[in-house]
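J.: Spelled out from the first residue to the last, the chains are:
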Amino acid sequence: MRNVVVDYIRAKTANRRAGDWQKITLECNSADAAGALAFRLDEVLDLDAALDELAQQDERKARVVEMRFFGGMEFEEVAEILEVSVITVKRDWSFAKAWLGTRLKP
Amino acid sequence: MDKSSFQRLESLFHEATALPGGARAAFVERECAGDAELRAALQSMLTKTETGGGLLEVPVLEHLEESLEGVRAGRWKVGRRIGEGGLGVVHEAEADGVPRAAIKFLRPGLDAGSFRRRFVVERKILAALDHPHIARLLDGGIDAEGRPFLVMEYAEGLPLDQFVSAGTPSKQARLLLFRQVCQAVRYLHASLVALGDLKPSNIMVNTDGDVKLLDFGAAKLLAGDTAEQTTLTRAFLTPHYASLEQKTGAGPSVAWDIYSLGLILGEMVGADDGDLAAIVSQATREEAGGRYQSASELDLDVERAQRNLPVHARTQDARYRARKFVQRNVAGVAASSSAIAALLTAGVFFWRDARRDQENLVQMRGLVRSVLDSAATPFASTSEDRKAIQGVLQTTIAQLEKQNHDGVELELAAAWRRLATSKLEEGQAPEADAALEKSRDLAEKVWQRRRDPLALESKAITLPLLALSMRHRANASVGLQRAHESIDVHEQYKRTLKRKLPPSHPYYRLLVAMAPELVREGKIEQARLALSDAAEVGRAIGARDLGGRALIGLARLAEFEGKPGARRGYCAQALKIFPQSNQFAQVCSEDTTQPEFVREMAPDNRLSELRAQLDAVGQQQMRDTENVQLLLRTANLHAQMAKALHEKGQDEEGKNTSRQRTSFSSCWRSGIPTTGAR
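Line by line, the protein sequences give chains H and Z.
Each residue of the first sequence is one higher than the last, beginning at 1 in my numbering.
Each residue of the second sequence is one higher than the last, beginning at 1 in my numbering.
Hints may contain errors.
The calculated lysine to any residue pairs, modelled on SDA-like cross-linking and capped at a C-alpha distance of 25 angstroms, are [claimed, not checked]:
id, chain 1, residue 1, chain 2, residue 2
1, Z, Lys3, H, Gly72
2, Z, Lys494, H, Glu76
3, Z, Lys523, H, Glu76
4, Z, Lys445, H, Glu53
5, Z, Lys494, H, Arg63
6, Z, Lys48, H, Gly72
7, Z, Lys3, H, Glu53
Keep in mind the hints are simulated off the structure, nothing from the lab.
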């Protein structure tokens with residue numbers, strides 16, 4: 001799934017001039033206070049690179065992010081696949097989110 | 001950053017986030033003193049966590065959901081979204097001269113490469129179809145953004161399952177609906193198209209009761225399909241309505257759709273009607289060759305059921321099983337056992353010779369399965385038949401065990417389970433238990449070793465049988481333990497495979513039986529879940545006995561919790577399920593826990609009716625030598641009933657009831673049936 005999405009975004013962004021990224025506004029489904037958020041397609045490509053970096057430090061955390069973000073899976077499903085507890089997955093996720101967040105362009 | 005500082009960062013991060021916000025800064029200063037890099041990293045991660053938001057908060061596919069509303073696609077103006085499937089999203093659309101249509105786009109992120117080719121196939125298939133019960137293709141193309149789209153006729157109405165549950169149409173009306181679906185599928189098959197993902201949500205019914213089939217996202221041409229499409233299709237199937245060979249990945253076939261049709265029919269009509277149940281069972285047979293060979297054969301049989309003519313499924317079923325039985329017993333038990341032994345030995349040898357050859361393993365499994373399948377014949381009504389079958393099974397088991405190899409443990413587990421069922425029929429419970437334990441251990445081993453979901457399924461099937469068999473005997477405590485295991489394993493099974501054991505499985509009976517134990521152990525919520533689960537299954541398949549018992553269990557739980565309102569509600573539902581009251585009375589009279597409960601349960605206006613039914617049950621018990629011990633309970637119920645009647649001022653009836661009670665209890669005391677007519 002990660003490959004499908006990343007390839008898709010590469011193909012999509014390749015057609016556009018640098019700096020002229022398409023902005024997409026979305027309705028945020030969660031009760032997130034941010035409401036509507038915008039993101040740039042290249043952010044996902046940055047994330048892809050940062051994820052490789054994370055995998056070097058801790059393979060499992062990178063897998064958790066792949067399954068949560070690219071696979072849209074629940075904590076319980078991830079826990080089952082990785083054969084660890086749900087708590088562990090939640091800890092991995094909160095750490096990885098913050099760690100990756102500091103590596104993405106603001 | 002090296003490994004050890006990364007680990008230090010991680011543990012500090014977790015410690016810091018466990019602290020209240022105000023205490024974090026001081027914590028960071030203290031812990032990172034002298035390490036500026038670590039401090040900066042930790043500080044920015046904590047800031048990130050506190051502000052929240054960002055890319056990772058929402059899964060990527062939801063990010064990519066561009067709103068298509070208002071977009072133009074060819075001559076179509078796209079309206080609001082009306083549905084979505086695994087691969088596509090569907091919106092309303094309009095164009096000049098067409099006020100309402102349905103437009104389908106591939107999900108963003110999937111509109112490339114192989115998915116896109118799949119979409120083109122769907123369009124090609126649809127373009128060739130023209131049938132009153134199939135939504136028509138109006139247009140298709142590629143919009144200015146390069147997204148491919150399909151435009152279909154807009155189908156008014158409700159999905160089939162909702163239509164049936166909302167309008168509760170009569171059985172005849174439901175069969176008419178189903179037959180329209182059959183006819184559409186027959187037309188598709190004649191056009192060399194297999195649907196692949198037939199399910200109620202893709203079948204629309206309008207207010208006139210006309211059916212239209214909608215989604216062809218998984219459809220394929222029976223000729224000239226590519227392996228890639230099959231793989232793609234498999235990834236997006238709706239598992240519940242997919243047949244066994246579909247899930248395991250065999251090629252496309254008419255038999256898939258027959259299987260789905262069978263399941264849909266089963267959900268539409270329940271399990272009350274013997275003929276329809278036989279039709280459902282023939283349509284959903286595990287082995288594709290045993291199902292109806294075409295949608296029109298299925299349609300015809302449903303028509304026969306509609307007109308109360310004998311259905312083929314029943315005679316077919318008998319013939320099918322008889323043929324299997326003859327095949328096996330053609331030269332007597334000894335010959336058939338040794339023939340199977342020879343076959344298996346050859347199979348295993350073949351397989352060991354080419355260990356990596358998946359195909360041989362599949363053949364080997366198929367062989368064992370066909371032995372198991374033929375061992376399931378209900379024709380084995382005499383003890384001799386059962387001995388023959390047990391012989392075959394024991395040979396199979398011995399052969400498989402002698403080879404001691406991996407890959408067919410689950411088939412071996414199934415063989416032990418079959419043997420156990422046969423032993424239970426013979427009344428050899430200890431042998432059955434031993435066989436079931438073997439079956440369970442094998443499945444457990446496979447599950448531990450390779451987390452094969454089928455192993456989990458095998459365990460989930462076996463454990464309730466074991467628990468039910470053990471419950472009523474000396475090793476009741478082990479039985480109880482197995483019952484707990486059953487529930488845990490089934491929960492795990494549901495989570496892993498996203499489906500439940502079939503409603504006909506004894507598991508649900510076990511749930512009802514287990515509920516009082518759970519309450520006794522203080523696991524109230526678990527008991528409630530178990531009973532609700534059983535009640536739901538009972539309702540879904542029209543299994544009155546199961547559903548009613550579960551509802552009585554729920555009522556009893558409400559009583560235990562001191563919630564009289566809820567209790568009355570459940571009782572009323574139970575009484576509705578048991579309209580004749582005699583089953584209700586039977587259930588009550590079998591229950592020793594709280595005989596006075598019955599008095600509370602019966603609404604005033606039905607007390608006499610319930611009493612009459614209880615009398616009938618009691619009379620039956622007096623004639624029935626095996627049920628003599630139930631008489632005491634019935635007598636107790638009558639005592640309660642008499643009290644209730646007196647309280648309500650119905651003294652005459654109360655007196656009669658007391659008299660009846662005396663005759664039941666004296667019959668019980670004497671321990672001798674009054675007429676011995678059995």
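J.: Take the hints in turn and mark each one as holding or not.
T.: Hint check results:
1. Distance hint between Lys3(Z) and Gly72(H) is unfulfilled; the C-alpha atoms sit about 29 angstroms from each other, more than 25 angstroms.
2. The straight-line distance between the Cα atoms of Lys494(Z) and Glu76(H) is roughly 13 angstroms, inside the 25 angstroms bound, and the hint therefore holds.
3. Restraint check for Lys523(Z) and Glu76(H): satisfied, since their Cα atoms lie roughly 23 angstroms apart, inside the 25 angstroms limit.
4. Proposed proximity of Lys445(Z) and Glu53(H) is contradicted: the alpha carbons are some 38 angstroms apart, above 25 angstroms.
5. With a C-alpha separation of about 24 angstroms, the suggested pairing of Lys494(Z) with Arg63(H) holds against the 25 angstroms cut-off.
6. For the given pair, Lys48(Z) sits about 22 angstroms from Gly72(H) by alpha-carbon distance, which is consistent with the 25 angstroms threshold.
7. Among the hinted pairs, Lys3(Z) with Glu53(H) is consistent with the structure: their alpha-carbon atoms are about 12 angstroms apart, no more than 25 angstroms.
Hint violations for this structure: numbers 1, 4, all remaining hints satisfied.
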